[in-house]
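*Asks:* Here are the chains, one letter per residue:
Protein chains: 2
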Amino acid sequence: MTPRSSCPINGTLELFGDRWSLLILRDMAFARKTTFKGFEASAEKIATNILSDRLARLEAGGFVHKDRDPEDGRARRYRLTRKGASLIPVLSEMALWGETHLRDADTIPGLKDTMKGDRQAAFSALIEQLDLADP
Amino acid sequence: MTPRSSCPINGTLELFGDRWSLLILRDMAFARKTTFKGFEASAEKIATNILSDRLARLEAGGFVHKDRDPEDGRARRYRLTRKGASLIPVLSEMALWGETHLRDADTIPGLKDTMKGDRQAAFSALIEQLDLADP
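Chains as they are written, first to last, in our numbering: chain Y, -13 to 121; chain D, -13 to 121.
Don't take each hint at face value.
[To be verified] So the derived label-pair ranges between C-beta atoms look like this:
#, chain 1, residue 1, chain 2, residue 2, range
1, D, 17, Y, 38, 24 to 30 Å
2, Y, 102, D, 47, 46 to 52 Å
3, D, 106, Y, 18, 37 to 43 Å
4, Y, 38, D, 18, 28 to 34 Å
5, D, 52, Y, 42, 41 to 47 Å
6, D, 21, Y, 96, 40 to 46 Å
7, Y, 24, D, 102, 19 to 25 Å
8, Y, 56, D, 47, 41 to 47 Å
9, Y, 31, D, 46, 34 to 40 Å
10, Y, -8, D, 56, 40 to 46 Å
11, D, 104, Y, 95, 48 to 54 Å
These are calculated hints, taken from the structure and not from any lab test.
In this text, a Cβ means the ideal position worked out from N, Cα and C, and glycines have one as well.
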C-alpha cells in the first residue's frame, strides 16, 4: 500500500487501518491469546470474517506467525513476532491514555506504575516475557 | 458514545475512530498548525467535510479550543487543550514506530534521540513548548 503521505504517524495509522488489527495484537500482547477462538471471544465481538482478514494481513505483514497448536494438532496457534511486539509501546500509551481519560475504562494492573519509570526498559521487559515466534 | 468494551485500548481507538482526528491533533502538536486552511493543506488531503466534522468532535470532546485568530479577526484559531496534548505520547510512539518500520517514512528531527532517554520528561517538555488554550 502507498500511504497518503510520508508522515510516520499517518503511515502507522494507515497500515493498521481500522482498530481491529491493533485489538488482535492487544489480545496477543496483553491477554496472551493465541487462538482464533480466543480472539473471537474478546469483548469487542469482532466479526469472524473481519478476524480472518485481519489475521491474514497481520501474518502477511510479518506481525504474527501462525503454526500448529501444540495442544491441538487441528487448531492453529498465532504468536507475535518481534515486529508485532514492537507495537507494544503504542498499545501501552493508548492503554495509559484510556485508563486516565476514559470513564468506565478498566485499568491494566501495574501499567500506570510501570509507565512512571523508564518506559523503554519496561517495554523491553514486557516483550521479553512474551512467547514470541522469533525469540 | 458507549464503547464495545471497557478495555482502555479499545476505548481510545473507538473514541478517535478513523485516523483523521489523530492527524489533526498531530498537525497541532508537531506542525504547530492552528487554522482550518492549515489542516486542509496537510499532505493527507483531508476532505473539507471530514475536517469540519472532526474539528467539531475534537472541540466537543475538549481536546481542541476554538477562538478568533488574533492575526485575522474573521478566521478561527484552533489550539490544543491539555487534554488534547495528552495524546502526544501516543502520537510520538506511533511516529517512532513508523520511522523505524515503514519504508519511505519521514523522520521527525530529534524524535529518536528524545525517545531514547526519559520519555515521560521528553513528553512533558514537548507539551510545555506548545501554545495551549489552557496553559
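*Asks:* Hints first: check each against the structure and report whether it holds.
*Replies:* Evaluation of the provided hints:
1. At roughly 38 Å, the beta-carbon separation of residue 17(D) and residue 38(Y) lies outside the given 24 to 30 Å, and the hint is violated.
2. For the pair residue 102(Y) and residue 47(D), the supplied restraint of 46 to 52 Å is violated, since their beta-carbon distance comes to about 26 Å.
3. Between residue 106(D) and residue 18(Y) the beta carbons are some 27 Å apart, a value that contradicts the proposed interval 37 to 43 Å.
4. In this structure the hint that residue 38(Y) and residue 18(D) lie 28 to 34 Å apart at CB is violated, the actual value being about 42 Å.
5. Between residue 52(D) and residue 42(Y) the beta carbon distance is about 42 Å. The supplied range of 41 to 47 Å therefore holds.
6. A hinted range of 40 to 46 Å for the beta carbons of residue 21(D) and residue 96(Y) is consistent with their spacing of about 42 Å.
7. Residue 24(Y) and residue 102(D) have their C-beta atoms about 35 Å apart, which leaves the hinted 19 to 25 Å range violated.
8. The given range of 41 to 47 Å is respected by residue 56(Y) and residue 47(D), whose C-beta atoms sit roughly 46 Å from each other.
9. Roughly 27 Å separates the CB atoms of residue 31(Y) and residue 46(D), a value that falls outside the hinted 34 to 40 Å.
10. Take residue -8(Y) and residue 56(D): their Cβ atoms lie about 32 Å apart, and the range 40 to 46 Å is violated.
11. Checked against the hint of 48 to 54 Å, the C-beta distance between residue 104(D) and residue 95(Y) comes to roughly 24 Å, which is inconsistent with it.
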